[in-house]
Amino acid sequence: MPKAVTLIRSASLSDAAEYAYASTAPADARLIFLAGSCPLNEDGSTAGVGDFAAQAAKCIENMNIALAEAGADIDDVISTRVLVASTEQSDLVTAWEVVRDAFGDHDVPSTLLGVTVLGYNNQLVEIEAVAAVRD
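Under this note's numbering, the first residue of the sequence shown is numbered 62, with each subsequent residue one higher.
Derived from the structure by calculation, the hints contain no laboratory data. Because the structure is a prediction, the values reported are computed rather than measured. Here a beta-carbon is modelled for each residue, glycine too, at the ideal position from N, C-alpha and C. Some clues are possibly wrong.
[Stated by the list, open to error] Restraint ranges, calculated between C-beta atoms of paired labels, are given here:
no., residue 1, residue 2, range
1, 112, 73, 37 to 45 angstroms
2, 182, 131, 25 to 33 angstroms
3, 183, 87, 36 to 44 angstroms
4, 73, 130, 34 to 42 angstroms
5, 111, 196, 40 to 48 angstroms
6, 110, 174, 15 to 23 angstroms
7, 132, 83, 23 to 31 angstroms
8, 130, 150, 31 to 39 angstroms
9, 110, 69, 33 to 41 angstroms
10, 68, 183, 31 to 39 angstroms
11, 79, 134, 14 to 22 angstroms
12, 83, 182, 34 to 42 angstroms
13, 181, 68, 27 to 35 angstroms
14, 177, 101, 18 to 26 angstroms
Using the sequences and the accompanying hints, generate a full structural model.
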């Protein structure tokens, strides 16, 4: 089945961004709105305490599970928002590099934000995503 997501790039905007600037889905696509993916183990404990990269990887792992259960995969994601509990740009970049690598060539539009605190004990990273599929 053809993918629903089309990534849009612009020659008029900087190519420094490591993602497409926009994306679209056709009117017949089913949108999937994922809750923020957190770095939680199955028992509810926080994975990778103190480690931005490990937490980003666990968020991606959990996001992939949620996508699969909704009938989608990472290539169906249309946009993301990456939240990192830090005021240090290097911590944001550490988390972002894990996310970027997980998406590979499917470099969806994304927003990377430094925030003061996230919802779970010892949580440093959370990833929100929207996906689009054709059933």
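Hints and how they fare:
Hint check: residue 112 to residue 73, Cβ distance near 38 angstroms, so the stated range 37 to 45 angstroms holds. The given range of 25 to 33 angstroms is respected by residue 182 and residue 131, whose C-beta atoms sit roughly 27 angstroms from each other. Checked against the hint of 36 to 44 angstroms, the pair residue 183 and residue 87 passes, with Cβ atoms roughly 41 angstroms apart. Separation of residue 73 from residue 130 is about 39 angstroms and conforms to the stated range, judged on CB atoms against 34 to 42 angstroms.
As the Cβ distance of residue 111 to residue 196 is approximately 41 angstroms, the hint placing it in 40 to 48 angstroms holds. Under the hint 15 to 23 angstroms, the C-beta atoms of residue 110 and residue 174, about 21 angstroms apart, fit the expected range. Between residue 132 and residue 83, the C-beta spacing of about 24 angstroms keeps the proposed range 23 to 31 angstroms intact. Judged by the Cβ atoms, the range 31 to 39 angstroms given for residue 130 and residue 150 holds: they are separated by roughly 34 angstroms.
Hint check: residue 110 to residue 69, Cβ distance near 38 angstroms, so the stated range 33 to 41 angstroms holds. Roughly 34 angstroms separates the CB atoms of residue 68 and residue 183, a value that falls within the hinted 31 to 39 angstroms. For the pair residue 79 and residue 134, the beta carbons lie near 21 angstroms from each other, so the given range of 14 to 22 angstroms is met. Range check, residue 83 to residue 182: Cβ separation about 36 angstroms, and the 34 to 42 angstroms hint holds.
Separation of residue 181 from residue 68 is about 31 angstroms and conforms to the stated range, judged on CB atoms against 27 to 35 angstroms. Our hint of 18 to 26 angstroms for residue 177 and residue 101 holds, since their Cβ atoms are close to 20 angstroms apart.
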